[in-house]
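Once you've looked at the hints, dock chain B against the given chain A.
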Amino acid sequence: MKIMIRNLLACLVSAVLFSGVAMADRTPAPENAYLYVGWPNDGEVVPANRPFRVWFGLRNMGVAPKGACVPNTGHHHLLIDTDLPPLDQEIPSDRNHIHFGAGQTETTIELPPGTHTLQLLMADCNHVPHDPPVYSTKKTIYVR
Amino acid sequence: MLLTRTVAVVVLLAVSSVMAFAAERTPAPKNAVVYIIWPPDGAVIRGGKLWVRMGLRNAGVAPKGVCMSNTGHHHLLIDTDLPSFDVEIPSDRQHLHFGGGQTEARLEDLTPGKHTLQLLLADCNHVPHDPPLYSKKITITVPPY
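Line order of the protein sequences matches chains A and B.
The first sequence maps to residues 1 to 144 in the working numbering.
The second sequence maps to residues 1001 to 1145 in the working numbering.
So here's chain A without its partners, still in its complex pose:
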């Protein structure tokens, strides 16, 4: 029993320590940074088989391409049909996590008919979300 408690304590301590280290690595974000999907609106019906524009809204913070490590900046990531990834590591790069490492502030996408979600997440020059993380509300759109 004692050993178990000791192990548990060791685990807890190391978890706290490691998370502390991970936190320290993350780039600070302005407290009042505000990220949102400018268009489409939540509940928007978008015509199928036709590309549509998504623009990224960001306040109290700036955009910088990947690799350009400038305070109070980051680059946009558009999450499609997925939840937020772990916030203490690099954002995955796949069809559900679109990176805009060239400093883009809008994009054009085409989605198959159905219900889809869109959410934005900023990341620093190394693709890791800020601390605190800067992400938008998740919007649901209907492609018909």
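Derived from the structure by calculation, the hints contain no laboratory data.
All values derive from a computational prediction rather than experimental measurement.
Treat each hint with caution, since some may be false.
Said to hold, decoys possible - Using 30 Å as the maximum straight-line C-alpha spacing, the simulated DSSO-like pairs for lysine-lysine come out as follows:
(1) LYS1137/B <-> LYS1049/B
(2) LYS1114/B <-> LYS1137/B
(3) LYS1049/B <-> LYS138/A
(4) LYS1136/B <-> LYS1064/B
(5) LYS66/A <-> LYS138/A
(6) LYS139/A <-> LYS1049/B
(7) LYS1064/B <-> LYS1137/B
(8) LYS1136/B <-> LYS1114/B
(9) LYS1030/B <-> LYS66/A
(10) LYS1030/B <-> LYS1114/B
(11) LYS1049/B <-> LYS1030/B
(12) LYS1064/B <-> LYS66/A
Said to hold, decoys possible - Taking CB as the label site, the calculated pair distances span:
(13) GLU90/A <-> ASP1092/B: 21 to 29 Å
(14) ARG95/A <-> PRO1131/B: 33 to 41 Å
(15) ARG1106/B <-> ASN96/A: 28 to 36 Å
(16) ARG1093/B <-> GLU90/A: 36 to 44 Å
(17) VAL1044/B <-> PRO51/A: 40 to 48 Å
(18) SER1091/B <-> GLY114/A: 43 to 51 Å
(19) ARG1106/B <-> THR107/A: 20 to 28 Å
(20) THR1111/B <-> PRO86/A: 44 to 52 Å
(21) THR1080/B <-> PRO112/A: 29 to 37 Å
(22) ASP25/A <-> ASP1079/B: 32 to 40 Å
(23) ALA1043/B <-> ARG95/A: 36 to 44 Å
(24) THR82/A <-> ASP1092/B: 44 to 52 Å
(25) ASP1092/B <-> LYS138/A: 22 to 30 Å
By construction, the Cβ of each residue, glycine as well, lies at the ideal position given by its N, Cα and C atoms.
Using the frame of chain A, we list chain B on its own:
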């Protein structure tokens, strides 16, 4: 004869300096479009306070000093015409720089009356691209408080 030669030299120098300027300017990203997402042309802004949303298509935003191809940073021109394209954009109350890579601008002190807004993108050294990338100039109205 000497005069002719001097004139020729002067002309040559002038031409080369023009070429040097042209060569120094950052080429504009292909198909790039700068536009004001909001407010729309003709908007009436009660209270004179607003967020201007700055739109950029087919190019990226980079803070000042970050020199990467196909990028630039926004400048908002208020109640003024486009400045010279071959020098740094002035920095004053009519030429707001967004060297932090911002894509929205908060305006809080617009007086009642008509005002014009226009965007001009510039490279990492605050000089417009070649060809220059600027938005349509829009007019907004702030009604009397």
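Hints, one by one, checked against the model:
no.	hint	verdict
1	LYS1137/B <-> LYS1049/B	holds (19 Å)
2	LYS1114/B <-> LYS1137/B	holds (13 Å)
3	LYS1049/B <-> LYS138/A	holds (28 Å)
4	LYS1136/B <-> LYS1064/B	holds (23 Å)
5	LYS66/A <-> LYS138/A	holds (24 Å)
6	LYS139/A <-> LYS1049/B	holds (27 Å)
7	LYS1064/B <-> LYS1137/B	holds (23 Å)
8	LYS1136/B <-> LYS1114/B	holds (16 Å)
9	LYS1030/B <-> LYS66/A	holds (20 Å)
10	LYS1030/B <-> LYS1114/B	violated (34 Å)
11	LYS1049/B <-> LYS1030/B	violated (34 Å)
12	LYS1064/B <-> LYS66/A	holds (15 Å)
13	GLU90/A <-> ASP1092/B: 21 to 29 Å	violated (41 Å)
14	ARG95/A <-> PRO1131/B: 33 to 41 Å	holds (35 Å)
15	ARG1106/B <-> ASN96/A: 28 to 36 Å	holds (33 Å)
16	ARG1093/B <-> GLU90/A: 36 to 44 Å	holds (41 Å)
17	VAL1044/B <-> PRO51/A: 40 to 48 Å	violated (33 Å)
18	SER1091/B <-> GLY114/A: 43 to 51 Å	holds (49 Å)
19	ARG1106/B <-> THR107/A: 20 to 28 Å	holds (25 Å)
20	THR1111/B <-> PRO86/A: 44 to 52 Å	holds (49 Å)
21	THR1080/B <-> PRO112/A: 29 to 37 Å	violated (47 Å)
22	ASP25/A <-> ASP1079/B: 32 to 40 Å	violated (45 Å)
23	ALA1043/B <-> ARG95/A: 36 to 44 Å	holds (38 Å)
24	THR82/A <-> ASP1092/B: 44 to 52 Å	holds (45 Å)
25	ASP1092/B <-> LYS138/A: 22 to 30 Å	violated (41 Å)
The structure fails hints 10, 11, 13, 17, 21, 22 and 25 (numbered hints given earlier, in ascending order).
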